[in-house]
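Here the protein sequences come in this chain order: C and G.
Residue 73 in the working numbering sits at position 73 of the first sequence; the count goes up by one each step and never skips.
Residue 100 in the working numbering sits at position 100 of the second sequence; the count goes up by one each step and never skips.
Heads up, some of the hints might be wrong.
[What the hints assert, rightly or not] Here are the simulated lysine-lysine pairs, PhoX-like style, with alpha carbons at most 25 Å apart:
id	chain 1	residue 1	chain 2	residue 2
1	C	K38	G	K38
2	C	K44	G	K38
3	G	K3	G	K70
4	G	K38	G	K16
5	C	K38	C	K17
6	C	K38	G	K16
7	G	K115	G	K38
8	G	K16	C	K44
9	C	K44	C	K17
10	G	K16	G	K115
11	G	K38	G	K3
In short, the hints are calculated from the structure, not lab data.
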Amino acid sequence: DAMVIQNPRYQVTQFGKPVTLSCSQTLNHNVMYWYQQKSSQAPKLLFHYYDKDFNNEADTPDNFQSRRPNTSFCFLDIRSPGLGDAAMYLCATSREIGSRRGEQFFGPGTRLTVL
Amino acid sequence: AQKVTQAQTEISVVEKEDVTLDCVYETRDTTYYLFWYKQPPSGELVFLIRRNSFDEQNEISGRYSWNFQKSTSSFNFTITASQVVDSAVYFCALSNNNNAGNMLTFGGGTRLMVKP
Numbered sequence: 001d002a003m004v005i006q007n008p009r010y011q012v013t014q015f016g017k018p019v020t021l022s023c024s025q026t027l028n029h030n031v032m033y034w035y036q037q038k039s040s041q042a043p044k045l046l047f048h049y050y051d052k053d054f055n056n057e058a059d060t061p062d063n064f065q066s067r068r069p070n071t072s073f074c075f076l077d078i079r080s081p082g083l084g085d086a087a088m089y090l091c092a093t094s095r096e097i098g099s100r101r102g103e104q105f106f107g108p109g110t111r112l113t114v115l
Numbered sequence: 001a002q003k004v005t006q007a008q009t010e011i012s013v014v015e016k017e018d019v020t021l022d023c024v025y026e027t028r029d030t031t032y033y034l035f036w037y038k039q040p041p042s043g044e045l046v047f048l049i050r051r052n053s054f055d056e057q058n059e060i061s062g063r064y065s066w067n068f069q070k071s072t073s074s075f076n077f078t079i080t081a082s083q084v085v086d087s088a089v090y091f092c093a094l095s096n097n098n099n100a101g102n103m104l105t106f107g108g109g110t111r112l113m114v115k116p
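In isolation and in its complexed conformation, chain C is listed as follows:
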């Protein structure tokens, strides 16, 4: 089945120690997104790629970076995680279909714990 895969599902890191979360998709979608979701809150968009074009949200901290080496993979790098970065990180994809706007397909998320 075509899907969005996130590894690992649970990640523990230490305060200040860089961490990378990964996302892959078999849907061949143009657009990939990274969201941060804290407890009892809605997902918050960090950035997205439209093909190779990177689009950062204005309020995304510099501590968060992303890479998309090819259509299938997208990475979220947190350079120096703080306690406030503990959250669920959701990856999503979408395909633009002419003038229609397709829905976003989400992965299962990676829950990040910062010690």
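Use these hints to put chain G onto chain C, whose structure you have.
Just chain G, lined up with the frame of chain C:
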């Protein structure tokens, strides 16, 4: 600016009861898309429905139904004969037609608890 409001933060019902989740949105765009997503305890956001702003027909899918009313800027979601497996957080979201991606503006979510 776009905004989605889900006034109900938590709803608790007993199995087999009907329940309606409210969603009110604000946008200046004439063309936009509305969505509902379900987030079970496992964490994955599951797509339920997309509705575009030109289609005000209500939709029914099994026990789920959606009522879209542009006059009141609402897109409410009803679950008929609720089941324990319906327990989840439900998000309403809005997307406009003005960008290359599909930027979603989420509401705050409604946590639905269905008790046996």
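Hint by hint, here is what the structure shows:
no. : hint              : result
1   : C:K38 with G:K38  : 16 Å, holds
2   : C:K44 with G:K38  : 16 Å, holds
3   : G:K3 with G:K70   : 15 Å, holds
4   : G:K38 with G:K16  : 19 Å, holds
5   : C:K38 with C:K17  : 20 Å, holds
6   : C:K38 with G:K16  : 31 Å, violated
7   : G:K115 with G:K38 : 18 Å, holds
8   : G:K16 with C:K44  : 33 Å, violated
9   : C:K44 with C:K17  : 23 Å, holds
10  : G:K16 with G:K115 : 9 Å, holds
11  : G:K38 with G:K3   : 19 Å, holds
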